[in-house]
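Asker: Residue numbers (our numbering), protein chains in the order written: chain A, 12 to 280; chain B, 1113 to 1419.
The set of hints was computed from the structure by calculation and includes no laboratory data.
These numbers were taken from a predicted model, which means no experiment stands behind them.
Cβ coordinates follow ideal geometry from the N, Cα and C atoms, glycine included.
Be aware that a few hints might be false.
[Unchecked claim] Think about it this way: if two alpha-carbon atoms lie no more than 25 Å apart in a straight line, the pair counts; the simulated SDA-like pairs of lysine to any residue are: (1) A:K46 to B:E1291; (2) A:K85 to B:G1329; (3) A:K85 to B:L1309; (4) A:K85 to B:E1220; (5) B:K1310 to A:M128; (6) B:K1276 to A:S129; (7) A:K85 to B:R1299; (8) B:K1310 to A:S129; (9) A:K85 to B:L1144; (10) B:K1310 to A:K46.
[Stated by the list, open to error] Listed next, the stretches of chain A that the computed footprint assigns to chain B, with coverage defined by at least 3 CB atoms under 8 Å from CB atoms of chain B: (11) 134-140; (12) 170-179; (13) 185-199; (14) 216-229.
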Amino acid sequence: MSEVTSPAVAGPAAGTVLDRPVMSVDDVSVGFGPKTVLNGIGLPIERGSITALIGPTGCGKSTLLRSLNRMNDKIRGYWRRGRIELEGQDVADSSTDLLSLRRRVGMVFQRPNPFPMSIRDNVVAGVRAHGMASRSELTDVAERYLKEVSLWGAVADRLGDSPFRLSGGQQQLLCLARSLAVEPDVLLLDEPTSSLDPVTTEIVEDLLRNLVPDVTIVIVTHNLAQAKRVSNTTAFLYNGHLVEAGETSQIFDNPEQPETVSYIGGRIG
Amino acid sequence: MAIATARSSAGNQARTRRRRTKNVFLWGACGLALVLLVVPVVWIIGGVLANSLPHWHWNVLTTDQQGNGGGLLNAIQGTFLITALVLVVAGVVGIAGGLYLAEFCPPERGQLLRGASEVLSGVPSIVLGYVGYIALVAGVFHWGFSLAAAVIVLSVLVIPYITKTTEVAIRNVPTAYREGGEALGMRSGYMLRRLVLKPALPGIVTGLIVAAAIAVGETAPLLYTAGYSGNGPTFSLTHSPLGYLTYAVFTFYNQPSNSAHQLANSAALILILLVVLLIVVARVVVSFTQRYSPDRQVRVPRARRAR
Ligand SMILES: Nc1ncnc2c1ncn2[C@@H]1O[C@H](COP(=O)(O)OP(=O)(O)OP(=O)(O)O)[C@@H](O)[C@H]1O
Ligand SMILES: [Mg+2]
């Protein structure tokens, strides 16, 4: 388990501050009302890494992910114990500004959810909300991030169109562009490719690999091959417990826990 | 059916026949419902047109009523004035109420308020008129027949309607928009405006337009509150009765004079045109604000880029 605290992170991360995990989950339990969903989860999220959260349906992956940027806060009965830190500060501290937390820790959902506004305005929606660029710069910002997610070629001549005329995969790329445009430090992805075809999935995976180490990524996926392809670190959740976490190759080739062995072998889930 | 075996094909045929009969029956019912809806509409509009057009004079739009003749200018102005003020008063209160119920209200209180609103919308308009008469016109406030009394009573009449349509429109906005906004760290007020109210706008506007149509078409509560006047509205809020189109339809039709009948018919025509106009305005607003709605996925044909 020593792998968990110091995985070999590819990238230039050096120096004392940068060596510290960008986020860390420390002995976190989470639940709704009387129901406990997560039990004593501990997971450092290394700067510039891609962490995959895997586990059978209902094991608490989305709940954990949504706790990282406090998307669960408004759900009735939600409670949390333990610490979830961003750069050493608890995300629920009174001194932590929720809005800037969410700007720094972005999220992309399973189903593409473009806003009812033009394609261009979708990309810059967050940029505008945070006043990160002047009016005249917005189109340039949109172009930059559409290029980053390789959507520019397909939409360059229809930036004023409705996003709902794009294909599902293109809509998801648009949502990725929207999240990236506010320059997050961490990007949380909840099964971002589960409604996409293999070609678009590959585009997304390439994109994720290109984003690190500037952006730290946590991705929930049911696709074990995907976890293996893109992630440095893999965490296996089962019934609300973190069963095993470590370097991806370690988890897949040499799992220690019997549950991990069964899940990866296709016997649970 | 060609693959069906001989044994089951008899049963299949019986089932097919049953399905056909049901199909014919249901289509027949649909057709009948359509006829029941379309015939009265065509009849009313046709009747009004046939009765009003032959005697139509443009000067009904420019002259006040004089005895049993003259024009409808006073009534048209009155109707416009009342409707405009009702839209302002009831619009503000109704939309605020709908927003509160959809966004801010604790569920238990919401149930209570919604129930109260439903009871209010169930009160017959003539009863509201009478209450208005007692409270505003004759008793308590002693405003006399007046614009203020008319606007308040009509507003009370349509506020539950506007509240309901606003609440429903807001609740129908996909939660995915809001989630996306939250995940980007948008302020909640900003999100409400950009991602909730804007997509809900067509529903809200439709509610307002229907409310306006109700206000234009109401008679009973106005008899008790606006009274009637053959002169144009004075723009003073109290102690000044004013005319309105439905009064002209209702009263002049019962007068034993041809010129009065013609005024009634002209008033009916103007009322119908007003309602049609309201509907057209609503459509334009809706189509303009909904350019980016997911419901509008019809691709505008354009040259595809060469790859
Ligand atoms: N709002 C809620 N109230 C009560 N229980 C909830 C709530 N949200 C989630 N849960 C429960 O928490 C558990 C974990 O749910 P979660 O959505 O995190 O699972 P998951 O691992 O993401 O599953 P999947 O792979 O199907 O997305 C489930 O048992 C679920 O029923
Ligand atoms: Mg999930």
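Asker: Would you mind marking each hint as holding or not holding in the structure?
Answerer: These are the hints, each one checked on the structure:
no.: 1; hint: A:K46 to B:E1291; in the structure: holds, 23 Å
no.: 2; hint: A:K85 to B:G1329; in the structure: violated, 44 Å
no.: 3; hint: A:K85 to B:L1309; in the structure: holds, 20 Å
no.: 4; hint: A:K85 to B:E1220; in the structure: holds, 18 Å
no.: 5; hint: B:K1310 to A:M128; in the structure: holds, 10 Å
no.: 6; hint: B:K1276 to A:S129; in the structure: violated, 29 Å
no.: 7; hint: A:K85 to B:R1299; in the structure: holds, 14 Å
no.: 8; hint: B:K1310 to A:S129; in the structure: holds, 13 Å
no.: 9; hint: A:K85 to B:L1144; in the structure: violated, 50 Å
no.: 10; hint: B:K1310 to A:K46; in the structure: violated, 37 Å
no.: 11; hint: 134-140; in the structure: holds (count 3)
no.: 12; hint: 170-179; in the structure: holds (count 5)
no.: 13; hint: 185-199; in the structure: holds (count 4)
no.: 14; hint: 216-229; in the structure: violated (count 0)
When held up to the earlier numbered hints, the structure conflicts with 2, 6, 9, 10, 14 and fits the remainder.
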